[in-house]
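Each chain, letter by letter, is given below.
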Amino acid sequence: MIDNKIFYFNKIKIFFKHTDYFGFVHPYNYLEWTSYVREAFFSEKCGNFKEVLDSNIKMMTAEISSIAHEESAFGDEIEAQFTCNKIKKVSFDVHIKFINHRINRLVCETFHTLVFVDAASEKFTLIPEGIRNAIIEYQEP
Amino acid sequence: MLAPMNSNSTKNQIFVYKYIVRYNDIDQFKHMSFANYLKLMFIVVDVLLESKIDHDVFRLKFISSSMKFKKQTILGDKILISVEAIKLLKTYHRMTINFRFRIEGSDDITGFGSQEYEVKSLKKEIPPYDYISKILEGLNLQVTSEPLIHD
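Chains as they are written, first to last, in the numbering used here: chain A, 1 to 141; chain B, 142 to 292.
Note that these hints are calculated values from the structure, not bench results.
Please note that the accuracy of each hint is not assured.
As the list claims (entries may be wrong) - Straight-line Cα separation of at most 25 Å, DSS-like style, residue types lysine-lysine; simulated pairs:
1. A:K45 x A:K17
2. B:K219 x B:K180
3. A:K58 x B:K231
4. B:K171 x A:K50
The following block holds chain B by itself, in its conformation from the complex (with noise of 0.2 Å):
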C-alpha cells in the first residue's frame, strides 16, 4: 500500500527512469551487482531534484538509504526505476523517497528503495521546507506527510 493520495491529486504525475543494464555494471556472476541500485536511487535524485536545486541556496544532505532485493538483473534488463511517493516534514527538515524497480516488459518487481534526506537552506532566510515543496509542487509530484510503506 503506498502513502494515501491526495484527494485532489488530479494533476499528480509518477516520475519514472528508465536504465539498461549494461556490462560494467554486472560482475562474474552475471548479475547487477546489489551496489548498483542503490546508485541508481541516487542517480534517479540526481535527476528530479538536483538539476533543479541552486546549490549555492540549497543542500540536500544524505541521511539514510535502503533496499530489498526480490529479483535479479542481468545484462540488457531496462529497468524501470519509479519515485512512488515523497514524505515531506517540515518540522524536522527532512525528506523521504520510496522508490520501485521494475523489469520493463515482464512487470517483475526486482526491488523497493527508500533514501531519506536532510533539507538544508544554505541561506538563512530561506526556509528550506518552502523551497523543496516548491520544486516538488512544480513537478507536480504526490507529496505526503503521512508514513510511507512498501507492498
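Looking at chain A on its own, in the form it has when it is part of the complex (with noise of 0.2 Å):
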C-alpha cells in the first residue's frame, strides 16, 4: 500500500539577503531551498544516504524548472511539501510546493528529475535501495 505522504520543511524564514529591489523575494531562492529541502529528505527519511554519498553512485539533475504564483516579503515563513512522481528503474522526479504562512498560499512550486549514474561506468544505475524505499511512501497519488 503506497502511503502518499509528504515531507514537511519549515525552516525557511524570509530574511533581507533574500530580497530584491522591489522587497520580494528573488525567485533564485527558491531554487536553493530545493536543494536544501531535498538533502533534508534524503538526511532524514533515507537511512543509508550518507553510504550512497561515500559510494561510486552519483544522483544528478537531469531537469529543473520553477514556477512562481504568488509574491513573499521580509519576515514571511516559508512552508516547502516535497512528494515524488515518475518512478523509475534509475530516475525519479521530485515536486516540491513552497506555502507561505502569512497569506496562505502557494507562492512558488519547483519540479526536477533525479538520474543515478555509476561514476565508475559512467551509465545509469538503479536507484539505491534505501532512497527508493523512503520515496516510494512519498509518492503522490
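Please assemble the complex out of the two chains, which come individually in their own frames, going by the hints.
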C-alpha cells in the first residue's frame, strides 16, 4: 500500500538577503531551497544516504523547472512540501511546493528529475534501495 | 532549431556572458550545483536588461524557469551563456528568453535554459510592450513572436 505522504520542511524564513529591488523574494531562492529540502529529505528518510554519498553512485539533476505563483516578503515563513512521482528504475521526479504561512498560499513550486549514474562506468544505475524505499512512501497519488 | 531569423536581421547580435566556475560554486562532489546554473540565467538577464530598465517605470516579473542539463562543470571551467532567442508577446505582456550553456574551448553543451517574465509597466501611460521592445531593439537582439524551441 502506498502511503502518499508529504515531507514537510519548515525552516525557511525570509531575511533581507532573500529580497530583491522591489522587496519581494528573489525567485532564485526557491531553487536554492529546493536543494536544501531534498537533502533534508534524503538525510532524514533514507537511512543509508551517507553510504550512498561515499559510494560510486552519483545522483544528478537532469532537469529542473520552477513556477512562481505569488510574492513573498521579509519576515514571511515558508513551508516546503516534498513529494515524488514518476519513479522508474534509474530516475524519479521531485515536486516541491512552497507555501507562505502569512497568506496561506502556494507561492512557488519546483519540479526536478534525479537520475543515478555509476561514476566508474558512467552508465545509469538503479536507484539505491534506501532511497527507493523512502520515496515510494512519498509518491503523489 | 532556433526561432526563425528575421529576414532583415543583418544587424542582429548574439549576447554571450562568460562565467568562470569558482570554489564557492562547487559542492563536495566537485561539480557546480544545479541551482547555480539557474542563478546564472538571472545574472544574464540582469546584465542584459535590468541595467537598462528604469525601475520606477518598469518591472520584469519572474514567471517561470526551466533547465535541462547535459554535462557537469568543474572548478575553473569557463561557461559561455548565450541568449539564443527572445520571444515577446504583445497580447499577454510576456517575454521568454532561451539560453544555451557551453564550455569555452571544448564547446561542449552543458545545458539549455529558458525563463519567462511578465513585462509590467509601473506607470499606466507607458505600454510595457513598447518599453521593452525599444530596449531590445537598442541591443540589436533577435526578437520574435514565434514559438521558441531548443535542439
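Consistency of the hints with the structure:
With a C-alpha separation of about 30 Å, the suggested pair A:K45 and A:K17 falls outside the 25 Å cut-off, and the hint is violated. As the CA atoms of B:K219 and B:K180 are separated by approximately 16 Å, the hinted pair is consistent with the 25 Å bound. For the given pair, A:K58 sits about 44 Å from B:K231 by alpha-carbon distance, which is inconsistent with the 25 Å threshold. Distance hint between B:K171 and A:K50 is fulfilled; the C-alpha atoms sit about 17 Å from each other, no more than 25 Å.
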